[in-house]
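Hey, can you work out the whole structure from these sequences and the hints?
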Amino acid sequence: MKYSSQAVAKPYFIAAVGLFVGQILFGLIMGLQYVVGDFLFPAIPFNVARMVHTNLLIVWLLFGFMGAAYYLVPEEAERELQSPRLALALFWIFLVAGVLTILGYLLVPYAGLAKLTGNAIWPTMGREFLEQPTITKLGIVVVALGFLFNIGMTILRGRKTAVSLVLLIGLTGLAVLFLFSLYNPTNLVEDKFYWWWVVHLWVEGVWELILGSILAFVLIKITGVDREVIEKWLYVIIAMTLITGVIGTGHHYYWIGTPGYWKWWGSIFSAMEPIPFFMMTVFAFNMVNRRRRNHPNKAATLWALGCAVMAFLGAGVWGFLHTLAPVNYYTHGTQITAAHGHMAFYGAYVMIVLTMISYAMPQLRGRVANNERAQVLEMWSFWLMTVSMVFITLFLTAAGILQVWLQRYSENPQPFMVVQEKLALFYWMREVAGLVFLLGLVLYVASFFVQGEEVQVVEGGTAEAAA
Amino acid sequence: MPTSPAHDEAAADRRLAVTAEVLYLGNLLLVPGIAFLALAVMRYRRWEGRAAWARCHLYQAWRGSLWAGVLLLLVSVGIFLLGGWQRPGTWVLLILYLTSCHATLVLFGVLGLARAMAGQAYRFPLIGVACP
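These protein sequence lines map, in sequence, to chains A and B.
If you're matching positions, the first sequence starts at 0 in numbering that gives the first Met the number 0 and goes up one per residue.
If you're matching positions, the second sequence starts at 0 in numbering that gives the first Met the number 0 and goes up one per residue.
These are computed hints drawn from the structure, not numbers from a lab.
Where hints are given, some of them may not hold.
Part of the chain B face toward chain A, derived, beta carbon under 8 Å [as the list claims (entries may be wrong)]:
#	residue
1	Pro-87
2	Trp-90
3	Val-91
4	Ala-117
The C-beta atom is built at its ideal place from N, Cα and C for all residues, glycine as well.
See the structure below:
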């Protein structure tokens with residue numbers, strides 16, 4: 000760790016991993032509720048489990064992004080963070096607000112939570128992924144503004160690199176686009192139209208900039224390849240991301256009441272959305288192949304490469320699978336969407352945060368890399384989580400294809416719940432894969448506590464265990 | 000800027016390797032058939048002057064494309080014929096198979112392209128051919 004203020008990233012990473020565990024537990028509860036409908040009912044109804052699962056995902060990824068930024072920016076800007084105290088204050092505000100919101104979901108009926116938090120004054124609740132009470136949303140805006148001030152001032156007063164500027168653009172976009180969560184028109188078409196400006200333009204727009212910049216940073220550090228080379232790749236990748244992703248929003252406008260031309264715009268541009276992910280995969284492998292040093296943190300390298308591959312598969316391939324309007328006419332909102340969502344979020348965003356944690360956490364704990372045993376355990380967790388996520392995706396895809404056939408394509412379409420019962424086998428297999436994922440996550444957490452011989456860097460950048 | 004003959008040779012080697020991998024990927028992703036024909040023309044030209052690692056990329060790409068044809072076309076037709084196109088199970092299997100197989104073949108090409116760009120030899124996993 001070059002700058003002492005980078006240490007503020009540590010609590011963010013710890014909170015991120017803690018909330019990640021919570022997210023997976025609620026995912027497993029919900030997965031079981033697909034096949035055992037009254038499991039934990041009425042204590043945790045399905046809609047609440049789903050809300051907690053998705054909201055925890057968003058919150059822990061935001062913690063991860065903020066931690067990554069607090070670690071990355073001082074090193075790129077070559078100066079201490081503008082205000083480490085502000086960063087820590089915002090951490091506690093965000094954590095308390097996030098935990099209170101989740102507890103609110105779990106302990107108070109949703110309508111009661113809306114009443115309790117004064118939703119009638121400024122109604123923004125009740126929309127998928129944006130279920131947070133208005134007061135929480137305002138809190139997120141305050142935290143985001145403080146965070147951007149801190150990061151922005153550090154960058155503006157220090158060295159400006161492509162990596163930090165792309166990150167800043169991504170984070171600014173994240174904050175600005177979240178403001179649309181506070182806009183809730185009464186017209187349902189308009190509501191959905193702008194709702195996607197948060198949801199789509201986050202994950203298929205500005206978050207990809209954050210992903211690209213973090214990946215570039217880690218690759219610079221672990222490969223030693225010239226910054227200029229990596230930055231050129233980064234420019235092309237983010238250009239393609241924005242060219243395809245912004246108008247690609249149109250693939251959400253097919254069936255919500257917008258004009259028909261969106262079927263063309265959405266299909267054409269979103270069909271190109273795999274391109275930046277494809278380039279990211281070539282980029283990551285190319286940089287590792289051209290590395291000038293063997294960084295002792297092998298786990299971080301594995302996460303970086305795995306992130307590129309899984310993002311390409313989940314966001315690129317599985318996104319393309321159902322993005323063209325004639326295909327989406329049948330597949331919209333089926334388990335195929337869930338399959339895509341799971342692998343894309345895991346591949347692109349979960350893995351990039353874990354890549355950064357894997358690289359930065361040892362340094363925050365005073366060593367260049369974790370000991371060999373800890374890294375082996377971490378790599379086991381990588382494979383368990385990644386392979387199980389592949390199977391989750393395959394089982395959900397199979398369920399989705401069958402669902403489309405039985406519910407929408409056949410000559411005698413069957414009702415939704417009748418079809419759901421016929422998908423039970425796939426849901427059971429998904430649940431088993433989910434348990435394997437949890438096992439991988441437990442190993443991941445355990446890897447932070449494994450003791451062993453310190454890894455030391457020797458000449459040429461390779462590693463060996465200390466005698 | 001003046002360049003040395005060795006530098007020119009290395010650049011030509013890399014160009015051959017990258018072109019082969021790009022055509023392999025082009026056949027899978029953008030212009031199926033056309034890229035395959037271009038690859039076929041390249042495969043049967045003489046490349047004595049080029050380095051072994053670069054020629055190896057060409058052989059991999061060619062062998063990979065042939066395998067891709069078998070795996071994506073013939074196996075898919077087999078699934079159809081055996082399963083029957085009116086059974087949902089056929090479609091579940093076919094779409095899962097095609098998506099997974101195609102994505103895997105593309106990833107092989109991505110790895111190959113990254114190696115070609117770095118000026119390194121590469122052998123496709125499972126379907127590759129051993130090079131001297």
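We went through each hint and held it up to the structure:
1. Satisfaction of the interface hint for Pro-87/B is found here, the shortest Cβ-Cβ separation to chain A being roughly 4 Å, below the 8 Å cut-off.
2. Of the supplied interface hints, the one on Trp-90/B holds, with its beta-carbon coming within about 6 Å of a beta-carbon of chain A, less than 8 Å.
3. For Val-91/B, the interface hint holds, since its Cβ comes within 8 Å of a Cβ in chain A; the closest pair sits about 5 Å apart.
4. The interface hint given for Ala-117/B holds, since its Cβ lies 4 Å from the closest Cβ of chain A, which is under the 8 Å cut-off.
Against the hints set out earlier in the document, no violation occurs for any number.
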